[in-house]
Amino acid sequence: MSALHQATLAELGDLIARREVSAVELTRHFLDRISALDAQLNSFITVLPERALAQAKAADARLARGEGGPLTGLPIAHKDIFCARDTRTTCASRMLEGFVAPYDATVVQRLDAAGVVTLGKTNMDEFAMGSSNETSFFGPVRNPWDTARVPGGSSGGSAAAVAAGLAPAGTGTDTGGSIRQPAALTGLTGLKPTYGRVSRWGMIAFASSLDQAGTLTRSAEDAALLLAAMAGFDAKDSTSVEAAVPDYAAALNAAPEKLRIGVPKEFFDEGLAPDVASCVREALAEYERAGATLVEIELPNLHLSVPTYYVVAPAEASSNLSRFDGVRFGHRAADPADLLDLYERSRGEGFGAEVKRRILTGTYVLSAGYYDAYYLKAQQVRQLITNDFARAFESVDLIMGPTTPTPAFELGAKTADPVQMYLNDIYTIGVNLAGLPGISVPCGQIDGLPVGLQIVAPHFGEAPLLAAAHRYQQATDWHRRWPAGWA
Amino acid sequence: MTWETVIGLEIHTQLATRSKIFSGSATTYGAAPNTQASLIDLGYPGVLPVLNAEVVRMAIRFGLATGCTIAPRSIFARKNYFYPDLPKGYQISQYELPIVHGGHLDIELADGARKRIGITRAHLEEDAGKSLHEDYHGMTGVDLNRAGTPLIEIVSEPDMRSAEEAVAYMRRIHQLVRWLGISDGNMQEGSFRCDANVSIRRQGEPKLGTRTEIKNLNSFRFVDRAIRFEVERQIEVLEDGGRVVQETRLYDPDADATRPMRSKEEANDYRYFPDPDLLPVVIEDALIEQLRSTLPELPEARRARLGTQFGLSDYDAGVLTASREVADYFEAVVASVPSAPKLAANWVMGELGGALNRDGLEIGASRIDAAALGGLVARIEDETISGKIAKEVFEAMWAGEGSADAIIEAKGLRQITDTGALEAIVDEVIAANPSQADELRAGKDKLLGFFVGQVMKRTQGKANPGQVNALIRARLK
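Listed in order, the protein sequences are those of chains G and X. Each residue of the first sequence is one higher than the one before, counting from 1 in my numbering. Each residue of the second sequence is one higher than the one before, counting from 488 in my numbering.
Hint data in this document are derived by calculation from the structure and do not stem from the laboratory. This structure is a prediction, so every number in the text was calculated from the model and none was measured. Incorrect hints may appear among the rest.
To be verified - Facing chain G, from chain X, some residues (calculated, C-beta under 8 Å):
#1 P532
#2 G533
#3 R565
#4 K575
#5 D598
Each residue gets a CB set at the ideal place from its N, CA and C atoms; glycine is no exception.
I would like the entire structure built from these sequences, with the hints used as guidance.
Below, the structure written as structure tokens:
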């Protein structure tokens, strides 16, 4: 048995069930590690010791009464994009530096109800806009595998915290790869469910038609445990889907022997680092050895996914972020001369450069005279990409490929060139545009840095997706590797 | 030079739902500022809109009543602009695919002729809040109680040719939305207001002239005045060799004039795009059919029916169908006194209408209910009391003194029909006025009225005038 902080949620749940550790002890263990070690990573924006210990005590009381479920008493960290009542919720922006949410996000409320303990709120790219966690107003997050490198983004804080053993698991959100990409770069399992599977209520919107909440964990099994508690229809979110939530944990061992795996040739293009390609090929060979068939498929419009995304997402963001105007909440400029001055300075001071870039881009593509050429065209291409995936799933069960073109890069390496930064999400973005579930699982290392295998399933195919990831993790131990210095 | 006026109206009608269009907050008017604004109405980070299904049903009812096509699939869009009383920085509205389109409504012109006005479309949207610029020491207050109130915006074709037609159309829409029960139509509270698009062109010119839009007219009188002023203004501009500038204008009732809004207020590019937080509104035929089957008889049809069924003039039938409540009231009166529909109509339009007006009441708050008024009409019809006495009984009923029969009994107002008793009174009157009696006998017929009046006076109006007339003639001729 590894140390407490290296254990999976499932293992910690067993310890709790056998009364070998209490929720309070577990919570203290992680709070201690955060306070001792997080200065090196900057993975938390707000640590919540009082709230966490109160929840842990309540969980212990529930367990003592013989109540509670598989998650009761287990600590996790929430990305600071989820509103939690009476708790500061910043979205890593100066705009919300002092914002205390008056209500719970559905994700927070459901996990609270399951007895989960919230250790704190994790760092992220500002308003989830970024792929390196360098756009945070609270400073960049560092990758525990090499603190000179980024952990990926936008859910970089949750990724770094879990990878370093500061939390057993974390929540994230994925708009264009923001869970899968940091999971790949930090050696974690990152699940982005189907669009509509998890309620967006209380999750501060970046791009509403793409945003989806998910998990960063040490294993597919842990992802299944958390998803079971998070998923399901929510009357407060019109885009959440009224579909039954299967027993994901029970389905873990139900992967079919004769899995047909689609391998898009577009995933193995010239932008993919050759050593990343080898790791992914080796993972695919592992599936073949287990009885799966690899089928080369085509996603002919996938190469258009990055430009399409960078029209659709900024368009929605430009509108979603209009509510931050200095009037009712958030940053307000001092002594505004008039209304225009209030708007201009509150927003000018409150938003960082990347957020401003996307608001400007989004405003431009929606403007009279440009709408048809950009926004409407992008929606049409989005439909083509969705159709590509649908056609592929007529002949395969799952699609597999790399999560990212390269392993973690150094801080500052891409900040000067936004397009290079955007290309980091080239393999993940199409999945968001099509609304599909995807997962990244660790499948190798290059020079001591983790590499991720991405698996994509048809809509609401989380159960087979998790089962395929779980089967791989039964046969390999990449997901149990540990960064040097953090044991 | 003769000019033709061309007018189209955009009427904003508040839908009479209990809660807002995208949140559960109440829509009650007049609450303390910001007490009816939930986190959704305030546009808090992370909140999401959920469509109130009742709003959709109301829009479909409007569409059915105006012959519109109900869109099987319509889309909510975001209209983006910054203003302190617009919490999200965008208004959720409908743009490219409105919920209903392509209908019409007939208006009645001054000469009684009917004219059909096209309805281009009607779409659903949320209202904004209210900015209060007074009483805050130079600052602006924001009240978001109204933010998120459901509106249906009804857009007409440019089919109206005068201010009178525009007002007639607006009144018909006002009547209809109240008739359907989808709006209270309260104009003081802002539940019913309109923007008027006005242009002029030379008589016979097929092309439309440049239009101006007069915003936010909240009374029939202002619509009338604003259009009249604007038409005169445009004629003057064109006849002076100038050209009309397409712009948004405001009507100032104090100056009785329109003036341009500051250009900044209208320089918006609203950047409409489909709202990704809301699914398309999909309307099944079954719902349309269910709502069609529960649609009330519409004003025009009911007016025609009242005319034929009860032998009323078209004018009277029109007055009695001014609102569904009046028509229901009238028909309830007739139901309790089926033999006297015209008498019932006269009493509803006359005494009752007058009393309601005098006390500033809607018919729903009438102090006399329809069955009670029917009871009174029945006593006139069966000659228990005269029309004149009936007015006295009506006032007593209005004052809450009981039913017609109880009041007639208590005050002894029953008409005297006993010939013997009346003969005695007639004799008394003749005895008291011997010279007039002689003159009448001599053929001075106009004195007949004098004698009838004297008898009525002695009976305190309770005698049947016809009967008295006959008795006097029998005695004196």
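Here is what the structure says about each hint:
no. : hint : in the structure
1   : P532 : holds, 5 Å
2   : G533 : holds, 4 Å
3   : R565 : holds, 5 Å
4   : K575 : holds, 5 Å
5   : D598 : violated, 45 Å
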